[in-house]
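Protein chains: 10
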Amino acid sequence: MTPILSKSEAAELIVSARIRKGLTWEAIAEEIGAPVVWTTAALLGQHPMTQEQADRVCRLLDLDSSVAESLQRQPMRGSDPEVLSDPTIYRFVEALKVYGPALKELIHEKFGDGIMSAINFRVDVSRREDPDGDRVVVTFDGKFLDYRW
Amino acid sequence: MTPILSKSEAAELIVSARIRKGLTWEAIAEEIGAPVVWTTAALLGQHPMTQEQADRVCRLLDLDSSVAESLQRQPMRGSDPEVLSDPTIYRFVEALKVYGPALKELIHEKFGDGIMSAINFRVDVSRREDPDGDRVVVTFDGKFLDYRW
Amino acid sequence: MTPILSKSEAAELIVSARIRKGLTWEAIAEEIGAPVVWTTAALLGQHPMTQEQADRVCRLLDLDSSVAESLQRQPMRGSDPEVLSDPTIYRFVEALKVYGPALKELIHEKFGDGIMSAINFRVDVSRREDPDGDRVVVTFDGKFLDYRW
Amino acid sequence: MTPILSKSEAAELIVSARIRKGLTWEAIAEEIGAPVVWTTAALLGQHPMTQEQADRVCRLLDLDSSVAESLQRQPMRGSDPEVLSDPTIYRFVEALKVYGPALKELIHEKFGDGIMSAINFRVDVSRREDPDGDRVVVTFDGKFLDYRW
Amino acid sequence: MTPILSKSEAAELIVSARIRKGLTWEAIAEEIGAPVVWTTAALLGQHPMTQEQADRVCRLLDLDSSVAESLQRQPMRGSDPEVLSDPTIYRFVEALKVYGPALKELIHEKFGDGIMSAINFRVDVSRREDPDGDRVVVTFDGKFLDYRW
Amino acid sequence: MTPILSKSEAAELIVSARIRKGLTWEAIAEEIGAPVVWTTAALLGQHPMTQEQADRVCRLLDLDSSVAESLQRQPMRGSDPEVLSDPTIYRFVEALKVYGPALKELIHEKFGDGIMSAINFRVDVSRREDPDGDRVVVTFDGKFLDYRW
Amino acid sequence: MTPILSKSEAAELIVSARIRKGLTWEAIAEEIGAPVVWTTAALLGQHPMTQEQADRVCRLLDLDSSVAESLQRQPMRGSDPEVLSDPTIYRFVEALKVYGPALKELIHEKFGDGIMSAINFRVDVSRREDPDGDRVVVTFDGKFLDYRW
Amino acid sequence: MTPILSKSEAAELIVSARIRKGLTWEAIAEEIGAPVVWTTAALLGQHPMTQEQADRVCRLLDLDSSVAESLQRQPMRGSDPEVLSDPTIYRFVEALKVYGPALKELIHEKFGDGIMSAINFRVDVSRREDPDGDRVVVTFDGKFLDYRW
Amino acid sequence: MTPILSKSEAAELIVSARIRKGLTWEAIAEEIGAPVVWTTAALLGQHPMTQEQADRVCRLLDLDSSVAESLQRQPMRGSDPEVLSDPTIYRFVEALKVYGPALKELIHEKFGDGIMSAINFRVDVSRREDPDGDRVVVTFDGKFLDYRW
Amino acid sequence: MTPILSKSEAAELIVSARIRKGLTWEAIAEEIGAPVVWTTAALLGQHPMTQEQADRVCRLLDLDSSVAESLQRQPMRGSDPEVLSDPTIYRFVEALKVYGPALKELIHEKFGDGIMSAINFRVDVSRREDPDGDRVVVTFDGKFLDYRW
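Chains as they are written, first to last, in the numbering used here: chain A, 1 to 149; chain B, 1 to 149; chain C, 1 to 149; chain D, 1 to 149; chain E, 1 to 149; chain F, 1 to 149; chain G, 1 to 149; chain H, 1 to 149; chain I, 1 to 149; chain J, 1 to 149.
With the rest of the complex left out, here is chain A (with noise of 0.2 angstroms):
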């Protein structure tokens, strides 16, 4: 009667079995054959795993089957919301208070009345050299769904 590990303890687990084993997280990616970011946000416990998928990320790993079946677990979305503050991710917020109403009137104008939907959905992140210094480019690419009633 031990209830399954949670996301998060899972999470800290991973997290410091890729640091002592040296590993990136393309590696793990690559390994279960899957894009980056969403690799990475499910193994940071936002998303559910395949038993196949958990079970290879484990053993690359070295970590039992207790991480295996948390992986596999529906998540309860959404960080902490004082992750917000970190600088790396502040950024990004500040960039929607300075142009989130800018978006919005260009995707209405590109596309009327309706939103970019957050789930079928996928982001990626890239470096791009630049002579000025190289620049991290973010693109989140979501279907757009109009209002319909």
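The set of hints was computed from the structure by calculation and includes no laboratory data. No residue lacks a Cβ here, since even glycine has one placed at the ideal position from N, Cα and C. Certain hints may be false.
Restraint ranges, calculated between C-beta atoms of paired labels, are given here [said to hold, decoys possible]:
{"#": "1", "chain 1": "F", "residue 1": "PRO35", "chain 2": "J", "residue 2": "LEU23", "range": "55 to 61 angstroms"}
{"#": "2", "chain 1": "J", "residue 1": "ASP134", "chain 2": "A", "residue 2": "ARG20", "range": "45 to 51 angstroms"}
{"#": "3", "chain 1": "A", "residue 1": "ARG20", "chain 2": "I", "residue 2": "ARG148", "range": "49 to 55 angstroms"}
{"#": "4", "chain 1": "J", "residue 1": "SER65", "chain 2": "G", "residue 2": "VAL137", "range": "55 to 61 angstroms"}
{"#": "5", "chain 1": "I", "residue 1": "ARG128", "chain 2": "B", "residue 2": "ASP134", "range": "49 to 55 angstroms"}
{"#": "6", "chain 1": "C", "residue 1": "LEU60", "chain 2": "E", "residue 2": "SER6", "range": "20 to 26 angstroms"}
{"#": "7", "chain 1": "E", "residue 1": "ALA27", "chain 2": "B", "residue 2": "PRO81", "range": "45 to 51 angstroms"}
{"#": "8", "chain 1": "C", "residue 1": "LYS21", "chain 2": "E", "residue 2": "ASP132", "range": "55 to 61 angstroms"}
Heads up, incomplete: computed chain G residues facing chain J, CB under 8 angstroms, no partners named [to be verified]:
{"#": "9", "residue": "SER85"}
{"#": "10", "residue": "PRO87"}
{"#": "11", "residue": "GLU94"}
{"#": "12", "residue": "LYS97"}
Calculated pairs, EDC-like style, for lysine to aspartate or glutamate (alpha carbon to alpha carbon, straight line, at most 16 angstroms) [what the hints assert, rightly or not]:
{"#": "13", "chain 1": "H", "residue 1": "LYS110", "chain 2": "G", "residue 2": "ASP130"}
{"#": "14", "chain 1": "E", "residue 1": "LYS110", "chain 2": "F", "residue 2": "GLU129"}
{"#": "15", "chain 1": "H", "residue 1": "LYS21", "chain 2": "G", "residue 2": "GLU109"}
{"#": "16", "chain 1": "A", "residue 1": "LYS110", "chain 2": "B", "residue 2": "ASP134"}
Using the hints, position chains B, C, D, E, F, G, H, I and J against chain A.
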């Protein structure tokens, strides 16, 4: 002794004139030769315009010089926090709640300890056709800044 | 150079005219041939109307064209958060506090990992007679969206 | 002198046992002959069970009597407010922000001044097939209570 | 095309007229034959009045028909949250912080699982003489509603 | 060098023992000859007990002297604010939001400028039979204190 | 049908007239024969004045009778919470954060279980000369009220 | 490698030992020859003690050297904000809400633009006999600091 | 009977006149012979000016005496909290979140238990040339105050 | 399968060892040849260290390798918000509330539209002797970043 029109009063007049004249944000941006997200954000009060940009916008929209004067002022940035709960804008906030910690991990993996600048920064929004429903593609593109003492 | 009437100013005028003329929301919805919850929400400022819908409402309520102009604008959605503490609305919030996690479990059980769309969505409210006291029946009906990368 | 298991500890054990045994909430509800939303909410800690219901659930899930004891306690209701930002639950909150004032207007139009009870109340969730994508249909059904001095 | 006076504007006029005419709330309540707490709450904007009640109040206070019109509107209930920090009102809030969980225990002990209705409900306030200093006696009296599916 | 049991740890043990022994709060109050609301509040951690009261309660519930020691401590009062959103307690909060300003007006009308004490104060809860459904009657009874410099 | 001047509007006029006439709060308090902290608080809207006090203040400051009428109204007390972050006021708040729990311990040690009344209460502020720099001395003096059922 | 006891763990042990030994805060303060409010605040974790003070307190209360070590640490000051809603402490907060702006006006009138220091500062609490009920007298005494560039 | 212009109304007029006349804050500070950060803060409403300073500023900016009157008033300090989320100001807040506890440790190491005064205090901002990009250098310089009873 | 020590656990051990060994932060910084504010912030969990830095610190403080491992992890930055109400840290926050808008004006005047980087950034704290009392001098020094699309 009348104060300069506030940025939000100017924005309200610009939005009203734009609708009545049937002009797109895209068309206004072309008129002043600036990127469309930047232009929309500036007209909603988030960036100062040059005198020439402000004058051209006001001429296009038949607004008087008090609006142009306001558009050149240095803004106090950061939208009203209530705006973030509009569904179209909230989907981006939700994506950050779900993917923010993963983006942080991957930025550190690709670049080391630092952040994506929200100042040396541009955003773009486009429509990508897709047989399963067209997609909203938003790109955040900022210079990487490493923590440097 | 007068700005378009705000959505809340327009709503205040519509509500006042509706009461003075003794018209129901149902009657207004029939006039424009649209569902009654959608129509009420739109007139309270949560959805844009077509020009024809806006004009018919204004004619029915003897309101001038500045109201019709406002009704066609794209709204900034999301009611004033203080509204959620009105007792009639709060009971729905309380139901979500008590039953929200159970609804989440059952949506995942019946559909897999995903959400009920609040965009491709309709609500209906009806009165069901009951010898122990009539009942308010509210149906939330939204397309299922699965998390899909 | 050990205190009764808290409702959240009991819920964690129930959820873990349910997953490991591969049982659905539906199956547990059938076992105790109660509606499925009610049963799920009760097992997550929002309603007290009778001794018989609690015992049958624990027998089905191979949990010991300390869990059954906890299930019979009177709960302190109302979920953790952070739960409301999980995307699957948040869509209902968003629907209330957009449609809450309209629902209030229509309840008053159909019933007079009063509220839908959240106590003499039931909820149901079902899946409706639809060629454009199946739909989540959630029904809130509460007795009307009029303001009566 | 002027909107109906808001409930708070009407209340401000009623309070001002009441003071200038030297009338008590008790006297106004008697004039319309309604309980005094209900009447005061209604005039402060928390309950709708019938046309006859509204007209009698306005005649008594020499207020014009725009106030009577406002008094008949359905209110958005729930006072400004800042009001709860006024010392006279705060003492009731403090009593709930100290005694709320005890009241919950005893309501469940005397009635089972359920609540005191705040809708089928009345409040009374009276002055009880006491040699050690007179006492404020406030009675909350609401129908018990048991959780019933 | 072990610290005294905290008030909430003691309360958890008392509640557990009370349920397991099948005792009512009423019976415990009778045992110590004190009013039932006061006794319940004290055992939940909101009032200090005398040594004799604490000892009698612990003897009745078979709890050891560490609980009795805790019951005599001076409390830090004021419940966890999350408790106020439990539906049974929230109805009282809602009543204050709706009727608080009216109670303030009537206290001033009957007594002048001052407050009902929440210190020289008692509360009682009773069940009143009623053919339309029994009623919860809660009486707040506090000494009037006038603003006096 | 104009409402009585609000307390904050009256305060703004009083403060302005006081500065323009070069009068101290001390002088105004002497004029009406009342303590200076009480008088200042009353004129800033925190206590009702008698008609005679209000009239004398208005005569002294050349303000008309609408101000005097407002000064006699029963206030909704409790300053704007933003006021507490002004540095001169914040130092008192900080002292409570640092010394509040110690004051609570010592009040209970000297008096038993109870509180210092903030109603049967007076405050005084004075300047004490000191060779190391003069000192602000503020005395809170309230009747002890013991918890008494 | 065990960390130093936290200030709150030390305080919990001190309070427990003080009660079990039947010592007053006054007696502890006399033992170390320091003012009683200062001593109580220091033992509750708001000021660092010298080694000698810490050792004497621990000898008096039969606490071991880990407590004395903790008492000498530099504190992170500022009590838990929930503490401010305890009724005994809240009355001081309420007094600041009602009288804070008046104290600010009078400090500026008596001293010019500046503040009362909360650092070069002492507080005292005493009991003053009064035939109408004894009074709690708390004196805040801080050096005046004028705004000086 | 018109109230003195509020500090924020005066600031709005000063900022507008400064821009229209093309004057720098530096130039205004020189005109009155005061440090530039102090002068800017005073004109934005955070410090009172002497009559002579206020008059010179108004002459320079062609503003009338109602502005000069407002500039001499004692301010209620502390900016609107929303201002702290403007990106230019937020970077300082972020630096405090990251380095605040380190600054506290080092102030105590260098000075003992106490604080940097924010009253006997000056700030300066300068531009330092740097081949890698010029730098903003802001110096906070306040008298050390030790905790002294 | 034990997770890496959290940054706050490591900080607690470092602070305890530093005090017990009687070492200053200055001495630790010298040992690793890094600036003292940076070193203190890193050891409190706000910056990652290199393996060599971490090992030297742990050798100096006799801490084992689990602490060194934690010190090399990438931090989630941003202190606990409650820390900002400690008086020593709060004075900096207060300075920003009073001078933040003035700093913004002057940064824009000296540099144009942009910000001081909090990433390419250093802070220093020093003690300056002064006959009127020594002064805390804190310098914020960050690269200017202009808004550049």
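Here's how the hints hold up against the structure:
The hint said 55 to 61 angstroms for the Cβ distance between PRO35/F and LEU23/J, and at roughly 59 angstroms that hint holds. A hinted range of 45 to 51 angstroms holds for the C-beta pair ASP134/J and ARG20/A, which are about 47 angstroms apart. Checking the proposed 49 to 55 angstroms range against ARG20/A and ARG148/I shows it holds: the Cβ atoms sit about 50 angstroms from each other. For SER65/J and VAL137/G, the hinted distance range of 55 to 61 angstroms is satisfied, since their beta carbons lie about 56 angstroms from each other.
Range check, ARG128/I to ASP134/B: Cβ separation about 50 angstroms, and the 49 to 55 angstroms hint holds. Between LEU60/C and SER6/E the CB atoms are about 24 angstroms apart, so this pair conforms to the stated range of 20 to 26 angstroms. In this structure the supplied range 45 to 51 angstroms holds for ALA27/E paired with PRO81/B, their Cβ-Cβ distance being about 46 angstroms. A beta carbon spacing of about 59 angstroms between LYS21/C and ASP132/E agrees with the range 55 to 61 angstroms that was offered as a hint.
A hinted interface residue such as SER85/G counts as satisfied when its beta carbon comes closer than 8 angstroms to some beta carbon of chain J; here the least separation is about 7 angstroms, so the hint holds. Taken as an interface hint, PRO87/G checks out: its beta carbon lies about 6 angstroms from the nearest beta carbon of chain J, inside 8 angstroms. The criterion of a C-beta within 8 angstroms of any C-beta in chain J is met by GLU94/G, whose closest approach is roughly 6 angstroms, and the hint holds. Nearest Cβ of chain J to the Cβ of LYS97/G: about 7 angstroms, under the 8 angstroms cut. The hint holds.
Between LYS110/H and ASP130/G the alpha-carbon distance is near 15 angstroms, which keeps this suggested pair within the 16 angstroms criterion. With a C-alpha separation of about 12 angstroms, the suggested pairing of LYS110/E with GLU129/F holds against the 16 angstroms cut-off. Straight-line distance between C-alpha atoms of LYS21/H and GLU109/G comes to about 15 angstroms, which keeps the hinted pair within the 16 angstroms bound. Proposed proximity of LYS110/A and ASP134/B is supported: the alpha carbons are some 11 angstroms apart, at most 16 angstroms.
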